[in-house]
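Q: The primary structure of each chain is shown beneath.
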Amino acid sequence: MSIKTESIKNKSKDERLRKVSKLKVLLNRPELGALGGSILVFIFFGIIAGDTGMFSAYGTINFLEVSANLGIIAIAAALLMIGGEFDLSVGSMIGFAGICIAIPAIYWGWPLWMSILFAFSMAVLVGYANGILVVRTGLPSFIVTLAMLFILRGATLALTRLITGRTQVPGLSVLIEDDPIAWIFSGEAFKGFFNWLGSMELIALRQDGSPLATGLPASILWWIGMTIVATYILMKTRYGNWIFASGGDKLGARNVGVPVPRVKISLFIGTAVAATIYACVQVLDAGSADTMRGFLKELEAIVAAVVGGCLLTGGYGSAIGAAFGALIFGTVSMGIYYTQVDTDWFRVFLGVMMLIAVIFNNYIRRRVTENK
Amino acid sequence: MSDYLVEFNHISKFFGSVIALKDVTMKIKKGEIMCLLGDNGAGKSTLIKTLSGVHKPDEGEIIVEGEKIIFESPRDALDMGIATVYQDLALVSLMSVTRNFFMGREPMKGWGPFKTFDIEGANKIAAEKMGQIGIDIRDPSQAVGTMSGGERQCLAISRAIHFGAKVLILDEPTSALGVHQASVVLKYIVKAASEGLGVILITHNVHHAYPVGNSFTVLNRGKSLGTYSKKDLSREKLLSMMAGGEELDKLEVELKEIDRIRQSN
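Those protein sequences? They're chains A and B, same order as listed. Taking the working numbering, I'd label the letters of the first sequence as residues 12 to 383. Taking the working numbering, I'd label the letters of the second sequence as residues 105 to 369.
Be careful, since some hints might not be right.
Restraint ranges, calculated between C-beta atoms of paired labels, are given here [to be verified]:
no., chain 1, residue 1, chain 2, residue 2, range
1, B, R339, A, L262, 41 to 47 Å
2, B, N369, A, F153, 58 to 64 Å
3, A, A158, B, I362, 55 to 61 Å
4, B, W215, A, G203, 34 to 40 Å
5, A, P272, B, V294, 21 to 27 Å
6, B, G235, A, T354, 54 to 60 Å
7, B, D183, A, A158, 49 to 55 Å
8, B, S121, A, Y139, 36 to 42 Å
9, B, K295, A, I50, 25 to 31 Å
10, A, Y139, B, G235, 43 to 49 Å
11, A, N373, B, E358, 46 to 52 Å
12, B, W215, A, A215, 47 to 53 Å
13, A, D189, B, D183, 51 to 57 Å
Think about it this way: if two alpha-carbon atoms lie no more than 16 Å apart in a straight line, the pair counts; the simulated EDC-like pairs of lysine to aspartate or glutamate are [said to hold, decoys possible]:
no., chain 1, residue 1, chain 2, residue 2
14, B, K153, B, D180
15, A, K247, B, D222
16, B, K295, B, E136
17, A, K247, B, E136
A few chain A positions that, by computed beta-carbon distances, are all more than 12 Å from chain B [said to hold, decoys possible]:
no., residue
18, G61
19, G64
20, L160
21, S210
22, L213
23, I214
24, T225
25, Y243
26, D260
27, S344
No lab work stands behind these hints: they were computed from the structure. Note that the structure is predicted; figures quoted are calculated from it, not measured. Glycine is no exception: its CB is placed at the ideal position from the N, C-alpha and C atoms.
Between the sequences and the hints, there should be enough to build the whole structure, so can you do that?
A: Next comes the structure, spelled out in structure tokens:
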């Protein structure tokens, strides 16, 4: 190892080269902004809301859960954005997937697992439709998925009202218990550990002696799992390189043999499937589906991805960044409840944060491409 | 076994009512640099795209090492060892040198579903290949956006050679470069040919083409004006053929006319 570094060092002794510090290398990472932002947000709320219970086990799980829900779709949105496209239909897909689970399960008597699989197959179809439309027509994905946003939301409302006469489908809770796959999306993990923490009086307890925070919600595990998988895909697989290439320069990528259409279509399927995972988590948690579920989530996912360092023009970004973008989002949205600040300010904060992130990302991109 | 690495016989390509190419024939031998010259709109781009499998020719045939071939896609041409380096170089400036070098053909390690992109191995190969052309990329994980135009051109060519190109089609490799950078790239092209590659060098710069080329094909308005070997063709002849000879003569006459008017005023 030492010999190798030695030879590289010798070779690179060019008088026209400046030494690049480790810090500068780090500064060029896309997720740096979101990481720094997360730390700032934690310090901020640590100071002004540190004694309000926000950072107790219960409070922490609360804001992590909000972050996790958004993170699930933000990570898929980030991959798609790196691949050079947007998906504005994610929010509508969440509502649509919700009723795809609830209506067959409640009104048609399907077993819950079959409804869940049905919802996922619909997601694949919707994602495929988005992808093939974008790839075949060459239209901006912004327009194509904006159309899909209306189509899906409208269809969700119309179909639900047609079949059930209402806009909500409750009554799923009873079906969850005996279902073979529902546990993947619902319930909590590490209950024993939380009980133990409770018994050691390390975390807050209810009056009956059981811990207030009973376990790690499934969504948080999905969030972490998806971050790991997405990062692995981006950094370590051939397909990951194709995602960067397709977003960075789709003609160039095609000319060296990257199957750009296939990559893009699969990424659109990815966002629709992530929306369905989100829907599963929400629907099984609430025990009901609501046609308005997921409203505006597509924009929040884009905010998280951009704050996480993804360039709107594609070809650059990171899944870890998007996960941190979602963490900032979740922490602030819950943190504002713990402070005395009017929650109306949350959106102002969101907008400002997004602006700062975009300006920062633009600067990073210039650094990377112009060697400054 | 044919003498030629690749032959393009009587290639024609039509777009609706437009005849983009008509009856163009080119043959490339091992170690030969064939320069394809033509003015803007002469059909160079269409010809390259047809040779590299982007367009299918409407007439004519492509023969690779004695065998008639139909390219369904650029991938097919690539698999037959015909690699095209386009003017945009197919490099993604936000991606690292290594990721660009292996774009679409990433080396893998491990087995089964756990195969991963061997980025360390790839870094090493990329640095080594660039080193061979005398380009010292200090860090193969740096973005291509940080490289100079000549370095990028060499990266694109070296990538094509690394992936088994037998015939290199180079689209205007020197057009955006300064004198020094252009000479570096041309030197590299000659070196590649001397190692047994066939090179089709597309350019409109006679001063770049003439020193390195072995034979010259001139395109004019979709038709070939013929292929000449270097010994049958002077630089001046080539220049005048390329610019459509008479047109330059006409221009000269007109300029003299303007001069005369000026002086008489």
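Q: Against this structure, judge whether each hint is valid.
A: So, going through the hints one by one against the coordinates:
no. : hint                          : result
1   : B:R339 <-> A:L262: 41 to 47 Å : violated, 35 Å
2   : B:N369 <-> A:F153: 58 to 64 Å : holds, 60 Å
3   : A:A158 <-> B:I362: 55 to 61 Å : holds, 59 Å
4   : B:W215 <-> A:G203: 34 to 40 Å : holds, 36 Å
5   : A:P272 <-> B:V294: 21 to 27 Å : violated, 38 Å
6   : B:G235 <-> A:T354: 54 to 60 Å : holds, 59 Å
7   : B:D183 <-> A:A158: 49 to 55 Å : violated, 39 Å
8   : B:S121 <-> A:Y139: 36 to 42 Å : holds, 37 Å
9   : B:K295 <-> A:I50: 25 to 31 Å  : violated, 52 Å
10  : A:Y139 <-> B:G235: 43 to 49 Å : holds, 45 Å
11  : A:N373 <-> B:E358: 46 to 52 Å : holds, 50 Å
12  : B:W215 <-> A:A215: 47 to 53 Å : holds, 49 Å
13  : A:D189 <-> B:D183: 51 to 57 Å : holds, 54 Å
14  : B:K153 <-> B:D180             : holds, 13 Å
15  : A:K247 <-> B:D222             : holds, 8 Å
16  : B:K295 <-> B:E136             : holds, 11 Å
17  : A:K247 <-> B:E136             : violated, 40 Å
18  : G61                           : holds, 40 Å
19  : G64                           : holds, 44 Å
20  : L160                          : holds, 29 Å
21  : S210                          : holds, 40 Å
22  : L213                          : holds, 38 Å
23  : I214                          : holds, 38 Å
24  : T225                          : holds, 35 Å
25  : Y243                          : violated, 8 Å
26  : D260                          : violated, 5 Å
27  : S344                          : holds, 31 Å
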